[in-house]
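Full structure from sequences and hints, please.
Next come the chains, spelled out residue by residue.
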Amino acid sequence: MASIDNPLIEIEGLYQIFGTTPEKVLPKVKGGATKDDILAETGHTVGLQDINLSIEKGEIFVIMGLSGSGKSTMIRHFNRLIDPTAGKIKINGDDIMQFTMKELTEFRRHKMSMVFQHFGLLPHRTVVENVGYGLSIKGQKKSEWVEHAKTWLETVGLAGYEEQYPSQLSGGQQQRVGLARALCTNAEILLMDEAFSALDPLIRFEMQSQLIELQEKLQKTIIFITHDLDEALRLGDRIAVLKDGKLVQVGKPVDIILNPADEYVRAFAKDVNRARALLVKNVMQRAQPLVDNDDPYAADEALKEYGVAFRQPTKGRFEAYAKVSENISASWSAVPTLKRSELLQDILPTMLQSKVSLPVLNKQGELCGFLSHQSLAEMLALQPTPLN
Amino acid sequence: MADASWLTEFPDMSRRELLTIRKTLDSAYRDFSREYGDTIESLFDPLLSFLVWFENLLIQTPWWIILFVITAIVHFATRSWKLSIGVVISLMLIGYFGMWEDTMRTLSIITVCTLMSIVLGIPIGILMSRSDRAQSIVTPLLDVMQTMPAFVYLIPVVMLLGIGKIPGVIAVVIYAIPPVIRLTNLGIRLVSKEILEAATAYGATPTQRLFGVQLPLAMPTIMAGINQTIMMALAMVVIASMIGVKGLGQPVLKSITNQYFTLGLLNGLAIVALAIIFDRVSQSYAKRTQRHLEGHDHG
Chain A
7 MASIDNPLIE IEGLYQIFGT TPEKVLPKVK GGATKDDILA ETGHTVGLQD
57 INLSIEKGEI FVIMGLSGSG KSTMIRHFNR LIDPTAGKIK INGDDIMQFT
107 MKELTEFRRH KMSMVFQHFG LLPHRTVVEN VGYGLSIKGQ KKSEWVEHAK
157 TWLETVGLAG YEEQYPSQLS GGQQQRVGLA RALCTNAEIL LMDEAFSALD
207 PLIRFEMQSQ LIELQEKLQK TIIFITHDLD EALRLGDRIA VLKDGKLVQV
257 GKPVDIILNP ADEYVRAFAK DVNRARALLV KNVMQRAQPL VDNDDPYAAD
307 EALKEYGVAF RQPTKGRFEA YAKVSENISA SWSAVPTLKR SELLQDILPT
357 MLQSKVSLPV LNKQGELCGF LSHQSLAEML ALQPTPLN
Chain B
88 MADASWLTEF PDMSRRELLT IRKTLDSAYR DFSREYGDTI ESLFDPLLSF
138 LVWFENLLIQ TPWWIILFVI TAIVHFATRS WKLSIGVVIS LMLIGYFGMW
188 EDTMRTLSII TVCTLMSIVL GIPIGILMSR SDRAQSIVTP LLDVMQTMPA
238 FVYLIPVVML LGIGKIPGVI AVVIYAIPPV IRLTNLGIRL VSKEILEAAT
288 AYGATPTQRL FGVQLPLAMP TIMAGINQTI MMALAMVVIA SMIGVKGLGQ
338 PVLKSITNQY FTLGLLNGLA IVALAIIFDR VSQSYAKRTQ RHLEGHDHG
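Chains as they are written, first to last, in our numbering: chain A, 7 to 394; chain B, 88 to 386.
Worth flagging that the hints you see were computed from the coordinates, not collected in a lab. Note that the structure is predicted; figures quoted are calculated from it, not measured. Hints are not guaranteed to be accurate.
[Claimed, not checked] Here are the simulated lysine-lysine pairs, DSBU-like style, with alpha carbons at most 30 Å apart:
#1 A:96 - B:280
#2 A:94 - A:144
#3 A:63 - A:361
#4 A:41 - A:63
#5 B:280 - A:108
#6 A:147 - B:374
#7 A:156 - B:280
#8 B:280 - A:249
#9 B:280 - A:148
#10 A:30 - A:117
#11 A:223 - A:148
#12 A:41 - A:94
#13 B:374 - A:30
#14 A:249 - A:276
#15 A:34 - A:94
#16 A:345 - A:63
#17 A:36 - A:223
#18 A:96 - A:249
#19 B:280 - A:147
#20 A:41 - B:280
#21 A:96 - A:144
#22 A:30 - A:41
#23 A:321 - A:223
#24 A:144 - B:110
#25 B:280 - A:94
#26 B:374 - A:148
#27 A:117 - A:223
#28 A:252 - B:280
#29 A:117 - B:280
#30 A:117 - A:252
#31 A:310 - A:63
#32 A:34 - A:223
#33 A:345 - A:276
#34 A:108 - A:63
#35 A:321 - A:287
Given below as structure tokens:
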């Protein structure tokens, strides 16, 4: 991820007001009048107000809200399908509001691609022609893009469907085509507008898994819109909660669940199955009490501070140093390991069988933290603290 | 007021005033047509020579070649043996009853009128679909064109261009063009907003959107409009014969004035046969090109 002071996408003071003379209404909205007052007084609908966001390169940024909260309006500002009433949208430091029509077209062709709720596939083009659409309107010849399109179709698991028409595919398959089309242009930023909302739960889960898997390889910047908190928690590196056109909270999934900013977010977070929504990395302690094989002193120090110490006698094998019960002094024992990106529900059995805290490894197989029974239990039991 | 006749009778303008208005307008238009009639007529010369050439081509080519070409076109468009055989039989009957030449004349004028309606109508429809203002201007015009009795707009056309093929074509096109305009507009406006957004989001220019998305997706609706246009053009054949358009309309007109029942019926049936051929061919061609829309609904 890029550093915080150099985000890929920056949005400053974004307002969207729908109506005949939005500019005249803008000062009132800025002055703090409520959405209902504005509608009653002027007949204008406030879509978005005072949105400020920055999105890092390579993250999945989820914008969540109920219908009518302005989330679909918002995502259409990133590629200017809708122009804001006021505000700045900077991508890679360029203010895209200053773009001419031609620059905007080039920008859409190269920088961003989009996946739609109802797929938005062209019904008169075959599947492979849909996937290659982005490249074909850039002016590439069919012979140039067709191989590329086929590769992406294969990646999303639709090899063999090249010559079908979209109407011959199921909803899930159509959205895979939508995803392949978005990836085929090799754009850096992916906009996904309720991309999985129209699919049934099983297919939706499958598509989420596929997206997570693809993202590990591709490291795109993904802006994902959803009304489903479970989905937001599963996919999002960060989540923005939108209510009535205002941002209520922006934070990591764990913040949304554990520190909801207001009643609205709290109501959202209440029904979440945390074991299914949170990952090991959300719950683990980030400390790494890893000691040398023959350094009993350091092990005791770590035991005092963290309640556990780990050593790695051979690569891939971990041993924990901990007290198994009150009366016995601490001893070394081989322990299973957890991956930081595993769901809590998947590690529950392992955790319950173990008597000691377990080491958490990153993708490279290095220790990056540990998970104790206590923090796991707290996380699963704790209801969000009431605000008042 | 002493005279209260306005209560019982509409207070209309005096005859003299009405007469003056009519005289002024009529003579102004007559002067206009005397002044510019020839110039305007010469503008239509290329169209006229094309019409004459096409009509001669149809009439002078031996009948069996025409029969073969028409059947080939029908078969290519519909891929239906049943329809092709039907076309052969009905054309043979038309020839047998001595209506071949008139049918060819009508065929030629209908083809030209339909082509003109498409060439003029689709761009107008596209314009209407892109601008609400254009739509609000053109719609009432189309309403007038469809409801104004054809004879009324025949008068100025005949005054300007005289009797003959060109005024006939103009009259038929005025009568037959509204469906193709209306349905082009409608078809483009009905294209799913999300699909259009998708095209825009991937960087399609307005032209790419029009030819790559809007027109192809509106095609079924546009084809329905073209089909209606052809039907209306055929219905206009009889009226057009009153201003000297030769073809199946003239025998019908003759039958009306002389009460020749059989002659009228035969020529009427020939018009119907042409209509059915045009209709089936255009419809099944449209259906065949829209095969991708079959299957379960998308989105």
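To see whether the hints hold, each was checked on the structure:
Pair hint residue 96 of chain A plus residue 280 of chain B holds up; C-alpha atoms about 26 Å apart against a cutoff of 30 Å. A threshold of 30 Å between alpha carbons decides the hint, and for residue 94 of chain A with residue 144 of chain A the separation of about 27 Å falls inside it, so the pair holds. Only pairs whose Cα atoms come within 30 Å are accepted, and residue 63 of chain A paired with residue 361 of chain A is rejected, the gap being roughly 40 Å. Restraint check: the Cα-Cα separation between residue 41 of chain A and residue 63 of chain A comes to about 33 Å, which exceeds 30 Å; the hinted pair is violated.
For the hint linking residue 280 of chain B to residue 108 of chain A, the alpha-carbon distance of about 22 Å falls within 30 Å, and the restraint holds. Note on residue 147 of chain A and residue 374 of chain B: the hinted pairing holds, with a Cα-Cα distance of about 29 Å set against a maximum of 30 Å. Restraint check for residue 156 of chain A and residue 280 of chain B: satisfied, since their Cα atoms lie roughly 27 Å apart, inside the 30 Å limit. Pair hint residue 280 of chain B plus residue 249 of chain A holds up; C-alpha atoms about 25 Å apart against a cutoff of 30 Å.
A C-alpha spacing of about 26 Å is found between residue 280 of chain B and residue 148 of chain A, which places the hinted pair at or below 30 Å, so the restraint holds. Among the hinted pairs, residue 30 of chain A with residue 117 of chain A is inconsistent with the structure: their alpha-carbon atoms are about 33 Å apart, more than 30 Å. For the suggested pair residue 223 of chain A and residue 148 of chain A, the alpha carbons sit about 27 Å apart, so the restraint of at most 30 Å is met. For the suggested pair residue 41 of chain A and residue 94 of chain A, the alpha carbons sit about 22 Å apart, so the restraint of at most 30 Å is met.
The straight-line distance between the Cα atoms of residue 374 of chain B and residue 30 of chain A is roughly 51 Å, outside the 30 Å bound, and the hint therefore fails. Distance hint between residue 249 of chain A and residue 276 of chain A is fulfilled; the C-alpha atoms sit about 17 Å from each other, no more than 30 Å. Restraint check for residue 34 of chain A and residue 94 of chain A: the C-alpha separation of about 19 Å stays at or below 30 Å, so the hint holds. Annotation: proposed proximity of residue 345 of chain A to residue 63 of chain A holds, straight-line Cα distance about 24 Å (limit 30 Å).
Straight-line distance between C-alpha atoms of residue 36 of chain A and residue 223 of chain A comes to about 43 Å, which puts the hinted pair past the 30 Å bound. The suggested pairing of residue 96 of chain A with residue 249 of chain A holds, with an alpha-carbon distance near 23 Å, which does not exceed 30 Å. With a C-alpha separation of about 27 Å, the suggested pairing of residue 280 of chain B with residue 147 of chain A holds against the 30 Å cut-off. A distance of roughly 27 Å separates the Cα atoms of residue 41 of chain A and residue 280 of chain B; the hinted pair therefore holds under the 30 Å criterion.
Distance hint between residue 96 of chain A and residue 144 of chain A is fulfilled; the C-alpha atoms sit about 24 Å from each other, no more than 30 Å. Of the supplied pair hints, the one linking residue 30 of chain A and residue 41 of chain A holds, its CA atoms being roughly 15 Å apart against a limit of 30 Å. Distance hint between residue 321 of chain A and residue 223 of chain A is fulfilled; the C-alpha atoms sit about 25 Å from each other, no more than 30 Å. Restraint check for residue 144 of chain A and residue 110 of chain B: the C-alpha separation of about 63 Å exceeds 30 Å, so the hint is violated.
A threshold of 30 Å between alpha carbons decides the hint, and for residue 280 of chain B with residue 94 of chain A the separation of about 26 Å falls inside it, so the pair holds. Between the alpha carbons of residue 374 of chain B and residue 148 of chain A the distance comes to roughly 26 Å, so the proposed pair stays at or under 30 Å and holds. Note on residue 117 of chain A and residue 223 of chain A: the hinted pairing holds, with a Cα-Cα distance of about 18 Å set against a maximum of 30 Å. Taken as a hint, the residue 252 of chain A and residue 280 of chain B pair is honoured in the structure, with Cα atoms around 26 Å apart against an allowance of 30 Å.
Distance restraint check for residue 117 of chain A and residue 280 of chain B: the Cα-Cα separation of roughly 22 Å lies within the 30 Å cut-off, and the hinted pair is therefore satisfied. Between residue 117 of chain A and residue 252 of chain A, the direct Cα distance comes to roughly 27 Å. Compliance with the 30 Å bound is thereby established for this hinted pair. Between residue 310 of chain A and residue 63 of chain A the CA atoms are separated by roughly 39 Å; this puts the pair beyond 30 Å, and the hint is violated. A threshold of 30 Å between alpha carbons decides the hint, and for residue 34 of chain A with residue 223 of chain A the separation of about 47 Å lies outside it, so the pair is violated.
For the hint pairing residue 345 of chain A with residue 276 of chain A, the CA-to-CA distance comes to about 26 Å; that is within 30 Å, so the pair holds. Between residue 108 of chain A and residue 63 of chain A, the direct Cα distance comes to roughly 25 Å. Compliance with the 30 Å bound is thereby established for this hinted pair. Distance hint between residue 321 of chain A and residue 287 of chain A is fulfilled; the C-alpha atoms sit about 22 Å from each other, no more than 30 Å.
In summary, the numbered hints that this structure violates are 3, 4, 10, 13, 17, 24, 31, 32.
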